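Given chain X, work out where chains B, A and L should sit, using these hints.
Next come the chains, spelled out residue by residue.
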Amino acid sequence: MRLTLLNVIVAVVLAIAFAALNAAYLVWAERRGAARIQRRPGPNINGPFGLLQPPLDGIKLMAKQLTIPGGADKIMFITAPVLAMFPAIMSFVTIPFSDTIVAKNMSVGVLMIFAFASMGSMSLLFAGWSSRNKYSMMSSVRAVSQAVAYEIPMLITTITVVMIAGSTDLMEIVHQQSRSILHWNIFPLLGNSHNLLMPFSFLIFFICTLAETNRAPFDLGEAESELVAGFHTEYGSMGFGLFFMGEYANIVIGSCMTTILFLGGWSCPFGLFPGVWWFILKLYLLIATFIWIRWTFPRTTIYGLLNLSWKILIPLSLFNLLFTAGLIKVF
Amino acid sequence: MVAYFTEIFTGLMSLFIGMGITFKEFFKPTVTVSYPYETLTMSARYRGHIELVENEEGNSQCVVCGLCEKACPSDCITLAGEKPEGGKKKVLTKYMLDFTKCSLCGSCVESCSFGAITFSKEYNLASTKKEDFYFDLLKRLEERNT
Amino acid sequence: MNSPILLQPDETFILNVGPQHPATHGVLRVKMEMNGEYIVNAETVIGYIHRMHEKMGELKTYPQFLMNLSRMDYLGALGYSHGHVLLVEKASGIVVPERAEYIRAIMVELNRIASHLFWFGAFVMDLGGFSPLMYALQDREHILDMLEAVTGSRLTYCYFRFGGLYNDVDDDFITAARQFIPRMRKSMKKYHKLVTGNIIFRKRLEGIAPLSKEMCRKYGASSAVARGSGINFDVRKNEPYSVYPEFDFDVPVYHECDSLARYMVRMDEIEQSLRIVEQGLDKLPGGPIMPDKKPKLIKPPVGDYYQAVETARGSFGIRLVSDGGKNPYRLKLRSPTYSNMHLFDEACRGMMIMDALAFMGSLDLVIPEIDR
Amino acid sequence: MIYEKIKTTLSSLFPDPVPVPPEEESAGDDQEKKVKSPPPPRQDGLLEREYSVHGYHLDAQISPAQLIAAVTMLDDAEFFIESITGVDWIKDNQLEVVYDFSRYDFDLCRVVIRTRIDRQSPVVPTITSIYPGANWHERETHDFFGIKFDGHPNLIPLLLPEDADFHPLLKDFKA
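Residue numbers (the numbering used here), protein chains in the order written: chain X, 1 to 331; chain B, 1 to 146; chain A, 1 to 372; chain L, 1 to 175.
The hints are simulated quantities; they were obtained by calculation from the structure and are not laboratory data.
Hints may contain errors.
EDC-like mimics (lysine to aspartate or glutamate), calculated; alpha carbons at most 16 Å apart, straight line [as the list claims (entries may be wrong)]:
id	chain 1	residue 1	chain 2	residue 2
1	A	Lys189	B	Glu25
2	A	Lys218	L	Asp105
3	A	Lys186	B	Glu25
4	A	Lys186	A	Glu271
5	A	Lys237	L	Asp107
6	B	Lys101	B	Asp75
7	L	Lys7	L	Glu50
8	A	Lys90	L	Glu50
9	A	Lys193	B	Asp132
10	A	Lys218	L	Asp76
11	A	Lys31	L	Glu162
12	X	Lys311	X	Asp99
13	X	Lys134	A	Glu11
14	A	Lys237	L	Asp105
Because the structure is a prediction, the values reported are computed rather than measured.
If we strip away everything but chain X, and leave its shape as in the complex, we get (with noise of 0.2 Å):
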């Protein structure tokens, strides 16, 4: 694929609005799929099944004073919501979502995604450090704390993935795993991966990305129960909008990143009707998950958190990483 101008320009628009969009609507999803849980009709005023909720709510926060609080780190206050959002939108340059839709396709497009994830913690750093609030302060210490913890099991994971692909092209990986449902990473044995402990590989990974995207069970940074709001307190107006998107722009990052590593792509389970939709319905699917788990569970404690990464995904990860090693060697 050659690269031209307009080459990039549309695949920037549509990356940012793919990302604005589902933001916008994954909002929607979680308030109706929250309300269905615990038995209500959750917004259904605003159009047909409340449809026309996300952008009134988008127009009702820019037309918001963006006020900084005194005393506040000015530059730090206000680049710390851009650099929520920025890093998702450029990772999803590189995730290809069929053989054919991808604006970017690298070699090195799994590390390309982890080095602009990792940027993810920063945000939440500059917010609660520029923000003056003790509440936002504290929130940012444990979000670092939090996505150093949970960076190394995830990558590990991923590294065990990449040895089985032999690549860390994410076309590639997809590629190796398309041959049929039982190719899939997540299913041990019988495809490529020989190695029965893929399904807590991709467990792991799974939980991690929740924690790498702040989402309950794991949503200590803004543990509103402790910490008010955490980073985001002192943010009103669009400057809490771009955090808010930010985050569920994360969360289909993540998605996308298991279903191409894990769940075999864009490819179809049963050979039927290839492409784009797939993806598509995996993706949904895992978002659905995040939406589910977060209305079922209590939040965990900071250390709770520290613990169940350091005693037991990176260990599990780890022996994971070699016993797959080990299996590569061997047959």
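Just chains B, A and L now, with coordinates in the frame of chain X:
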């Protein structure tokens, strides 16, 4: 080591059980009433603010004994009456309820031995003005009759 | 989890939790001296919604004060009214018909279930789980509907009268209550599966905020706070009043002393209250709900009277000093959460803030009841 | 029986009991008898009360100086503190501080300790060193009656606003 793995396993199972419950709830019908669009009828004993009871002629049954005024813990009730010329009983001329102070305890209704006041079923009582809650019950009675 | 190494007296900062904070469920303020996430020292500041009920008690006549009691604790209002009417009846020698006492006990227990359900939901919400609150509110709604159909109000009931009740229960109520019991038992199973068994929930509460028996005694704690610390103390059993001796029920006691124990006590209490309601409906005698002979004006003889009752929040005591007039000379309300909350300052030292707030939730606070 | 035990312990505070005819005590229910000449304020001493009428068993009126000793006795007998409050006996020109104690076990015994002080200089010793839970109760009593608890670590308004200089439960308080 065994304990370590059993804890992980039981922990995971407990999470799946929880998710199973919310999954089941997801498909159950909603239980809420979307309030301004649909409303419930209040139960027979519902206590709204008080109201005067009318007799056959459409007048109040009140004999202006003032017991409700005395029974009220918060001094919400002010009433006045006068004897009409030739009449034997006092007739109510003013019955004001200061609903801002009323706590709906029902002491006034209980104290009335003539059945002249009762609870209304009104509960949509939002307003931005305090004056809206000084009810002239006699006027409300007349309005009801016309 | 409580590492004393981290607690250096310097390098601390003050964190103002409240008066408007999501975890305090009302206007309660805790000034916490923090070292990172650890609490070095805490000072609870109360009184933001103090209304001086005790002075109102002196200024109003006995019947006029009836409705104040339900304003103390808006979640378990009937328990407080029960204490007040029992006290005045005892002081002025009014004999209550048996039916009225039974109905009172049923109502109080239903109210206790409603209160515990709300606490359950709010407590899990404190820990970050939102859906259990909604499920708990659905069950609570059934109770409120039943109580509304009988008493006329949903939250701040004014139902008990000196000598009896405001009005009798009807068959609809009895059918509704009978239907409610099995439904509630089914819901309890759901809650235990969804919340009690949940590993995240257990990890957050197990071993958190241990309160020793001695500490409970020094602060005068009651309700689940005492019973979760292995103290078998329930005024309904220890100091039987009303018709409670007629009922067969257990007092759940847990010896773990942690937040989970307090949670378990309250959950078990819901089941015990269901048993009481069930037995009450079975045994409900006929007859009047008000005594035949009742003094027109309530004027307890000169003296000093005390009555304790077990409300949803613990041992509620009410002291009346009468000078023989139609107003009380002095009316003291001993609210249980006042003593329970007092523990917090000492107990939360060295805890992490999230554990401390979970602990605060496990105390079952209702701020108007503390502030009176 | 804890009741007998605590009765003997508490009566040790009153080496020479005031000769009070017991019948009159139970009939008149102390303090005030309507009209006539107001009876003198109650003398210090230990009274047994009818539980079914009054709701408590023992009623000890002591002097402020004996307070610590009496409360220590109750602490040793594993009583918990129920509440502390005051009563304004304006006719006697006295303030009364009432301490309620009870026990956690089934051997029921409610003890009321009361002490009377002069209305002009209301000072009693604090019992926070024995019962830390008395802290808020004493602060509350200080708020409402202006009774000073000598030695209290933090005697600032608790329920009233922090700048409150009035004591609403005094009988001569006018809002």
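Going through the hints against the structure:
For the proposed pair A/Lys189 and B/Glu25, the alpha carbon gap of about 14 Å is at most 16 Å, so the pair holds. As the CA atoms of A/Lys218 and L/Asp105 are separated by approximately 15 Å, the hinted pair is consistent with the 16 Å bound. Under the criterion of a C-alpha separation no larger than 16 Å, the hint pairing A/Lys186 with B/Glu25 is consistent with the structure, at around 14 Å. Among the hinted pairs, A/Lys186 with A/Glu271 is consistent with the structure: their alpha-carbon atoms are about 11 Å apart, no more than 16 Å.
Our distance criterion of 16 Å between C-alpha atoms is met by A/Lys237 and L/Asp107, whose separation comes to about 11 Å. Restraint check for B/Lys101 and B/Asp75: the C-alpha separation of about 8 Å stays at or below 16 Å, so the hint holds. Restraint check: the Cα-Cα separation between L/Lys7 and L/Glu50 comes to about 14 Å, which is no more than 16 Å; the hinted pair holds. As the CA atoms of A/Lys90 and L/Glu50 are separated by approximately 12 Å, the hinted pair is consistent with the 16 Å bound.
Simply put, A/Lys193 and B/Asp132 have alpha-carbon atoms about 49 Å apart, too far for the 16 Å limit, and the pair is violated. Among the hinted pairs, A/Lys218 with L/Asp76 is consistent with the structure: their alpha-carbon atoms are about 11 Å apart, no more than 16 Å. For the suggested pair A/Lys31 and L/Glu162, the alpha carbons sit about 15 Å apart, so the restraint of at most 16 Å is met. As the CA atoms of X/Lys311 and X/Asp99 are separated by approximately 39 Å, the hinted pair breaks the 16 Å bound.
Simply put, X/Lys134 and A/Glu11 have alpha-carbon atoms about 14 Å apart, close enough for the 16 Å limit, and the pair holds. This hinted pair checks out: A/Lys237 and L/Asp105 have alpha carbons roughly 10 Å apart, not beyond 16 Å.
The structure fails to meet hints 9 and 12 from the earlier list, while all remaining hints are met.
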